[in-house]
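Protein chains: 2
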Amino acid sequence: MGTDRIIEKMTKNPKTPYDALLEKSKSIQTYHAILMLLHWDQETYMPPGGIQNRAEQIAQLASLIHEEKTSNSYKTLLSQLVHRKSGKLKGDIRGKAERVIIREWHKDFQRQNKLPVAFVKAFSQLTSEATQIWATAKKENNFKLFAPFLERIIQMNRKKADILGFADHPYDALLETYEPCMTSAKVTNIFEGLQKELVPLLKKITNNKAPEINFLQQHVHEDKQREIGQWIAAAMPCDADYTRLDVSSHPFSIALHPHDSRITTRFLPCNFMSNIYSVLHETGHSMYEMGLPLKHYGTPLCQAASLSVHESQSRWWETFIGHSLPFWEYFYPQLQKKIPDLLGNVPLPDFYKAIHHVVPTFIRVEADEVTYCLHVILRFEIEKALIAGKLSVHELPEAWNAKFMELFGITPPNAAQGCLQDIHWSMGDFGYFPTYALGNILAGHLFMAFEKQHPDWPKRVSSGDLAFIRSWLQENVHQWGRMYNYNEIGKKATGKSVNETAYCQYLKKKYGAIYNL
Amino acid sequence: MGTDRIIEKMTKNPKTPYDALLEKSKSIQTYHAILMLLHWDQETYMPPGGIQNRAEQIAQLASLIHEEKTSNSYKTLLSQLVHRKSGKLKGDIRGKAERVIIREWHKDFQRQNKLPVAFVKAFSQLTSEATQIWATAKKENNFKLFAPFLERIIQMNRKKADILGFADHPYDALLETYEPCMTSAKVTNIFEGLQKELVPLLKKITNNKAPEINFLQQHVHEDKQREIGQWIAAAMPCDADYTRLDVSSHPFSIALHPHDSRITTRFLPCNFMSNIYSVLHETGHSMYEMGLPLKHYGTPLCQAASLSVHESQSRWWETFIGHSLPFWEYFYPQLQKKIPDLLGNVPLPDFYKAIHHVVPTFIRVEADEVTYCLHVILRFEIEKALIAGKLSVHELPEAWNAKFMELFGITPPNAAQGCLQDIHWSMGDFGYFPTYALGNILAGHLFMAFEKQHPDWPKRVSSGDLAFIRSWLQENVHQWGRMYNYNEIGKKATGKSVNETAYCQYLKKKYGAIYNL
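As you go down the protein sequences, you meet chains A and B in turn.
Here the first sequence stands for residues 1 to 517, numbered as in my numbering.
Here the second sequence stands for residues 1 to 517, numbered as in my numbering.
Heads up, a few of these hints could be off.
What the hints assert, rightly or not - Label-pair distances were calculated between CB atoms; the ranges are:
1. 460/A with 26/B: 54 to 60 Å
2. 119/A with 222/B: 52 to 58 Å
3. 96/B with 119/A: 43 to 49 Å
4. 72/B with 155/A: 42 to 48 Å
5. 43/A with 219/B: 35 to 41 Å
6. 337/B with 363/A: 43 to 49 Å
7. 226/B with 155/A: 54 to 60 Å
8. 227/A with 496/B: 54 to 60 Å
9. 96/B with 67/A: 32 to 38 Å
10. 250/B with 26/A: 29 to 35 Å
To be verified - Derived pair list, reagent style SDA-like, types lysine to any residue, alpha-carbon separation capped at 20 Å:
11. 24/B with 52/A
12. 26/A with 31/B
13. 26/A with 51/B
14. 26/A with 60/B
15. 24/A with 76/A
16. 295/B with 52/A
17. 107/A with 97/A
18. 24/A with 63/B
19. 26/A with 63/B
20. 26/B with 51/A
21. 26/A with 58/B
22. 24/B with 60/A
23. 114/A with 87/A
24. 295/A with 48/B
25. 26/B with 38/A
26. 224/A with 223/B
27. 186/B with 488/B
28. 26/A with 59/B
29. 26/A with 67/B
30. 26/B with 60/A
31. 24/A with 64/B
Said to hold, decoys possible - From the structure, some residues in chain B lie toward chain A, with a derived Cβ separation under 8 Å:
32. 27
33. 30
34. 38
35. 41
36. 45
37. 47
38. 48
39. 50
40. 53
Worth flagging that the hints you see were computed from the coordinates, not collected in a lab.
Since the model is a prediction, treat every value here as computed from it, not as a measurement.
Every residue, glycine too, gets a C-beta built ideally from N, C-alpha and C.
Full structure from sequences and hints, please.
Here it is as structure tokens:
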């Protein structure tokens with residue numbers, strides 16, 4: 001079989017540099033799909049003894065992919081299609097798709113090649129050690145143990161920003177690696193607007209009587225939770241042949257191909273809703289991957305636009321749909337039948353209010369819809385200040401607590417529940433956090449247009465129809481792949497530039513009704 | 001992570017050609033492990049939609065492995081260690097392990113490179129088409145449809161034998177690709193002895209009253225079968241952290257690494273013993289892989305000696321142990337408790353006799369312990385004659401039926417149940433079948449020595465102790481990897497050359513007792 005392909009390669013003389021690069025791009029994508037399977041298997045079914053060898057397998061394949069992406073032959077072919085510095089396209093371009101594909105190939109290549117190999121190696125060594133130190137520091141609630149590593153990570157991130165280049169703020173260069181069309185100025189602007197609305201909303205809600213949530217915290221057996229997870233997954237408007245649901249310690253979604261896009265969930269014994277929301281969230285990610293244009297598989301056009309756009313899709317299904325009253329008008333009676341001891345005597349309005357319980361907590365990953373973005377805003381402000389040198393590492397815990405008080409009105413009792421809680425910084429990831437909130441904001445922006453085009457959506461959803469929602473997302477988001485970026489997708493679907501307004505309005509309207517504000 | 005490894009490669013200047021080739025060998029082994037995962041996933045959990053992309057992934061990775069194994073740099077390094085033609089080792093060799101590793105690298109390289117790329121491609125194209133035609137021919141019971149393809153496959157196999165080279169018989173060259181130390185003369189000798197014993201044994205048994213087997217053919221629910229499969233797997237003397245059991249349409253065993261060696265089973269609704277024997281058979285394969293010497297991972301010393309040796313390990317656990325009375329003295333009471341409706345009133349002697357039911361059937365894969373090797377002998381004789389040109393394709397169905405009558409005393413009603421039943425020939429695999437019987441023969445040969453060294457084995461097994469059996473196999477088979485071949489392993493463990501005598505004696509003694517012959 002292998003030999004076939006070699007002969008094929010030998011005898012097939014690519015006519016154009018574009019076709020040759022397309023072949024390389026497809027080959028890299030295939031290796032990437034295999035890499036995804038290695039990760040998926042590691043988190044789901046791999047025998048524990050396989051872990052050491054798995055690390056070898058992943059490192060070797062990742063290294064191969066990097067070599068292929070940065071090879072001289074790749075560079076030579078690309079240089080026949082595009083001017084290295086200006087990014088201007090050369091020669092005949094056959095249509096818009098080809099133009100976009102070359103543009104994105106060029107961007108990827110620039111990004112892959114800007115950082116010197118020695119820098120990447122040093123960064124990787126540092127963060128590998130730092131991640132272990134961070135785990136101990138968090139466990140022992142000992143910020144000082146982690147501080148020197150964080151200091152060096154920040155220094156290297158500043159260096160990274162210098163190498164990558166930026167116009168206004170070094171943080172822009174870091175942000176761009178996760179969300180290509182964003183600058184810290186734009187994010188600051190959006191987040192300021194968000195904070196202005198969320199803080200008073202949170203106060204109003206928490207001044208109200210908290211809903212009864214006791215019935216959501218009862219024990220539900222793993223087998224029953226598995227049944228519920230499968231039931232929700234099967235109810236989603238997916239092609240069952242292209243996906244599957246498994247269990248892992250942290251829920252995730254991974255796609256090898258639009259026709260092989262898998263999700264996982266987990267079962268928390270006394271929080272059965274967590275399983276349901278994991279399935280909805282990960283299915284949102286998965287549907288995005290399934291909806292990418294198959295005919296462009298192996299090119300950037302069959303890749304997701306960005307982390308934030310991806311997050312908009314997961315949050316859409318988890319919150320905008322999965323927390324909506326019409327959704328539960330349809331699904332709640334069925335859920336009641338599955339766990340009658342818990343929900344049999346709980347009317348829908350009580351259940352609906354309970355799943356909208358809002359409470360400030362110290363931990364981001366446990367946060368509700370209203371407080372979640374506040375956690376992100378806090379991290380963004382602190383990251384920006386650390387990178388700019390306006391905040392030193394030893395001042396960090398105090399700055400964290402002060403900002404926490406400003407946003408939530410409470411102060412973390414210790415660093416483990418404060419600035420040590422997330423793994424991201426130890427891994428060197430500065431600029432990642434904002435994508436979590438930007439996803440929600442794009443979802444809110446898109447939802448505004450969706451509601452306008454489908455004013456009858458509550459009626460349809462309450463009768464169990466979800467397919468038309470997927471079609472709308474398919475048309476407005478999925479089909480574009482990387483043809484359009486975050487801002488362009490938002491503007492194209494709504495006619496308006498993406499900002500926080502729609503998302504804030506959605507939250508205020510919804511929680512206003514629930515809490516009679 | 002990838003970048004790390006590149007730097008590591010750049011800065012680490014291998015001191016010797018041996019070390020450099022060792023690094024290549026390990027890297028190839030790692031790719032091979034990944035390839036195994038692609039196959040495992042395809043047969044177990046892959047969403048159906050993933051199949052087309054999976055074929056791409058497998059082809060690309062297989063091609064990469066082939067390129068690595070036949071690259072000029074591989075060839076250059078190898079030529080510094082060994083004379084290409086004579087196979088004589090050059091330079092300083094550090095100990096026996098290194099000597100054997102180089103010897104096997106050389107053999108593998110010779111094998112990989114002898115067949116011209118154009119030949120491999122043509123062969124692959126032919127067999128790819130032939131496999132599809134064969135499926136139709138079998139379904140429609142139409143031998144004439146498949147005949148012209150088989151004719152061409154035989155021609156190409158003759159060509160292959162010419163290219164690979166042989167001393168006596170062209171079939172030797174084909175046989176050697178599956179069982180390196182065998183010739184058709186040796187196999188003929190062994191199989192003649194086997195046939196001489198098996199045919200009269202079969203007659204004597206079938207002249208007796210057949211045992212009652214009705215209780216083995218009752219419906220057992222999939223959930224119960226899953227429980228039984230897990231129970232048997234857990235009772236095996238394996239490291240639970242290094243293996244797992246899943247379900248696939250055909251049972252198989254696949255190893256990524258000695259610490260990640262997986263098996264599968266299947267559940268036939270009205271044949272619950274099939275599940276148990278699949279688990280035992282595949283665990284036998286799996287334990288071999290787990291027992292290979294870990295310190296040599298990535299070299300031929302951490303690879304199985306051959307297909308026949310592998311089969312000796314699976315059949316050992318499936319038949320020699322798994323069909324033994326001591327085994328069931330321990331496990332039967334527990335099995336009775338799992339399916340009391342079926343087995344509650346069946347005493348152990350009746351169960352024991354039932355699992356030794358012998359009956360001539362047309363289909364190899366359904367055959368019992370006594371008739372199985374006869375199916376293999378038939379195929380071997382026919383393959384040899386076809387390759388030698390002593391039998392033409394159009395004479396095949398008749399020759400098959402005549403030989404079938406000679407061995408089994410019955411004649412297949414049609415080609416679908418006769419010479420069209422196996423997929424092997426359509427895939428181009430001539431020389432593969434003998435390994436099935438050679439595995440049983442080696443197992444019998446080894447079992448003789450095992451019984452001598454552990455005369456108390458029935459007592460130990462009947463109290464549930466299986467670990468000492470694994471230790472014995474570990475010491476006499478697993479630990480050697482490819483240091484010794486089929487014949488050497490057999491001789492080293494027993495002091496005697498491998499032949500069919502011990503296996504025949506085992507069968508005669510066992511079935512003589514069961515059927516009062």
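Per the hint of 42 to 48 Å, is the separation of the Cβ atoms of residue 72/B and residue 155/A within bounds? Check passed, 44 Å falls within 42 to 48 Å.
Holds or violated: residue 107/A and residue 97/A, Cα atoms, limit 20 Å. holds (15 Å)
Taking the least C-beta to C-beta distance, is residue 48/B closer than 8 Å to chain A? With Cβ-Cβ at 5 Å, under 8 Å, it holds.
Verify the CB-CB distance for residue 337/B and residue 363/A against the hinted window 43 to 49 Å. holds (48 Å)
Using 8 Å as the Cβ threshold, decide whether residue 45/B counts as touching chain A. holds (6 Å)
Classify the hint on residue 30/B as holds or violated, based on whether any CB of chain A lies nearer than 8 Å to its CB. Given a least distance of 5 Å, the restraint on residue 30/B holds.
Run the distance test for residue 224/A versus residue 223/B: straight-line Cα separation, threshold 20 Å. holds (16 Å)
Would the pair residue 24/A and residue 76/A pass a check requiring their Cα atoms to be no farther apart than 20 Å? holds (12 Å)
Are residue 24/A and residue 63/B close enough, with their CA atoms no more than 20 Å apart? holds (14 Å)
Do residue 250/B and residue 26/A keep their Cβ atoms within the hinted range of 29 to 35 Å? With Cβ atoms ~31 Å apart, the hint holds.
Is it true that the CA of residue 24/B sits at most 20 Å from the CA of residue 60/A? holds (12 Å)
Should the interface hint for residue 50/B be scored as holding, given a Cβ-Cβ cut-off of 8 Å against chain A? holds (3 Å)
Against the hints set out earlier in the document, no violation occurs for any number.
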